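There are 2 protein chains.
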Amino acid sequence: MRTFKLTVAYDGTAYVGWQRQAAGVSIQGCLEAALGDLAGARVAVVGAGRTDAGVHALGQVAGVRLDLRIDPAALARAVNARLPEDVRVVDSAVAADTFHARFDAVAKSYRYRLLHGPVTSPFLRRYAWHVREPIDVEAMTAAGRLLVGEHDFAAFQAAGSTVRTTVRTLFDLTVRRVPPGDWIGAPGADGTVIDVRGSGFLRHMVRTIVGTLVEVGRGRWGPAEVERALRAAERSAAGPTAPPRGLFLTGVGYPR
Amino acid sequence: MRTFKLTVAYDGTAYVGWQRQAAGVSIQGCLEAALGDLAGARVAVVGAGRTDAGVHALGQVAGVRLDLRIDPAALARAVNARLPEDVRVVDSAVAADTFHARFDAVAKSYRYRLLHGPVTSPFLRRYAWHVREPIDVEAMTAAGRLLVGEHDFAAFQAAGSTVRTTVRTLFDLTVRRVPPGDWIGAPGADGTVIDVRGSGFLRHMVRTIVGTLVEVGRGRWGPAEVERALRAAERSAAGPTAPPRGLFLTGVGYPR
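First to last, the sequence lines map onto chains A and B.
Take 1 as the starting number for the first sequence in our numbering and just add one per residue.
Take 1 as the starting number for the second sequence in our numbering and just add one per residue.
In isolation and in its complexed conformation, chain A is listed as follows:
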């Protein structure tokens, strides 16, 4: 048996999320089916973290133990040949036998994209949240700074969640104005990209941070409301949950 570390990109639009569920098609389920077909046996794939329905990934990490003599690049090609086109293994490596994609992860990075302008783009509708009005990137940056560091993010998790602790560390948060550019069908449109990196994230935490920052960017909220949300530690004190379509898990960090 060897342990492989797979880096996986996916368009989450058509899926119930990363995790296998009783009903609906999951990314984990697709990978297990493709790898199981290759290995001729049932396999279990461990993901670095769950992503919700409609959330995408550029660099999800999955670990799998396989009784296969195959080099990692050939494994990636063989798995991709068996996966739907909206799920791709973009990197593959042999890992230590003790590697665990979730327990070993020390950082996760997410990117959230906002598209501005009078009309959404048919080509970006699945990959960005359309926020018509221009928003104040400087105010969002200043408010984002209040969230960086170790905090109780209880106000920023999905209502009804039960976790041992709601304290998490945000390493950094940046807000940049990035026009979609030449490759994307949104001529004249403007965009905002929000990048966050942290030790770990509660359920809906990135989307609630984004929803809160957009309230700030619209001028409805100021820094005081963001500080109050942190202190209140109640979901109702933070802003709305941004839609899943704009969210991408961009990478997972492991100790060297």
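Simulated from the structure, these hints should not be mistaken for lab results.
Nothing here was measured: the structure is a model prediction, and the numbers come from that model.
We put the beta carbon where it would ideally sit given N, CA and C, even for glycine.
There's no promise every hint is true.
Pairwise CB distance ranges (calculated) [to be verified]:
1. B:A44 / A:A39: 53 to 59 Å
2. A:A73 / B:A73: 50 to 56 Å
3. A:R145 / B:V178: 31 to 37 Å
4. B:G222 / A:A73: 31 to 37 Å
5. A:Q19 / B:V178: 35 to 41 Å
6. B:R42 / A:R145: 56 to 62 Å
7. A:E133 / B:G24: 34 to 40 Å
8. A:P134 / B:D172: 56 to 62 Å
Sample of chain B residues at the chain A side, in silico, Cβ under 8 Å [unchecked claim]:
9. A81
10. E85
11. D86
The following residues of chain A were derived to be distant from chain B, with all beta-carbon distances above 10 Å [unchecked claim]:
12. Q19
13. R65
14. N80
15. E85
16. R88
17. A95
18. A107
19. P122
20. H151
21. V167
22. T169
23. F171
24. G181
25. G200
26. E215
Add chain B to chain A, keeping to what the hints say.
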């Protein structure tokens, strides 16, 4: 009755093409349904040109005569509220009563996108042709120059087409290396963008030009083969037809 000129963007993936057909959903059909619902009557929408199944548009132009007292911006909003999300009216204006979207068009622009790299992107799979190997942009540019001007493009039209004349004028053709950039989920990938503008295009003409240029870019063909294809004026003399997914109708030109 007033004549409106609508500029329309669409993701062609789910459609049988621009033109209404006996079976399947067309862009024209969607627009006629949305506008008919608004006008409370059957309406006919005239497009500047057809696009094939799976081909996209950033700037298709459609003309429609409506018995509606509504300003053009309000019309666009009302139509968008009735259209599927992958079809958007991006601009709307009142046109002269004599305006005809097809007969009045004097130029059309298309863009074709190629994505390079070992793996395709889940986010670009509908919007680019994945050509794994790097290709020679300079050789493609030189070969493209041979096609600019007035030529008999018979070798570059779909087999079995019957049109009055296969002579067309290509105003310009450019090939550029453009990486997909920050907004797109193809980290480290490279891309090529081919822009063509001409008086009009035969069926599959842009896709056959692209298929031919890619043969040149791969080093399989040289300028001699491109000149031979023009002279032969037979479909079999030109390169393969590039897939529809990479093609965008970017704009339609009218006399000022």
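Does 34 to 40 Å hold as the CB distance between E133 (chain A) and G24 (chain B), or does it fail?
Roughly 37 Å apart at Cβ, these two residues keep to the hinted range, so it holds.
Exclusion check [V167 (chain A) not at the chain B interface, CB over 10 Å]:
holds, 31 Å
Minimum Cβ-Cβ distance from T169 (chain A) to chain B exceeds 10 Å
holds, 25 Å
E215 (chain A) clear of chain B by more than 10 Å, beta carbon to beta carbon?
Its Cβ never comes within 10 Å of chain B, the nearest being 24 Å, so this holds.
Do the Cβ positions of A44 (chain B) and A39 (chain A) conform to the proposed distance bound of 53 to 59 Å?
At roughly 58 Å between Cβ atoms, A39 (chain A) and A44 (chain B) fall inside 53 to 59 Å, so the hint holds.
Does R65 (chain A) sit more than 10 Å from chain B, CB to CB?
holds, 23 Å
Is the nearest Cβ of chain B still more than 10 Å from the Cβ of G181 (chain A)?
violated, 4 Å
A cut-off of 10 Å on Cβ-Cβ distance, and A107 (chain A) was said to be off the interface with chain B. Does that hold?
For A107 (chain A), whose nearest Cβ neighbour in chain B is about 17 Å away, the distance exceeds 10 Å, so it holds.
Is F171 (chain A) truly not at the interface, in the sense that its beta carbon sits beyond 10 Å from all beta carbons of chain B?
holds, 20 Å
Tell me if the beta carbons of Q19 (chain A) and V178 (chain B) are separated by a distance inside 35 to 41 Å.
holds, 37 Å
Can you let me know if the beta-carbon spacing of P134 (chain A) and D172 (chain B) is within 56 to 62 Å?
Because 34 Å falls outside the window, the suggested range is violated.
Assertion that H151 (chain A) lies farther than 10 Å from chain B (Cβ)
Fine: 28 Å to the nearest Cβ keeps H151 (chain A) off the interface.
The structure fails hints 8, 9, 14, 15, 16, 19 and 24 (numbered hints given earlier, in ascending order).
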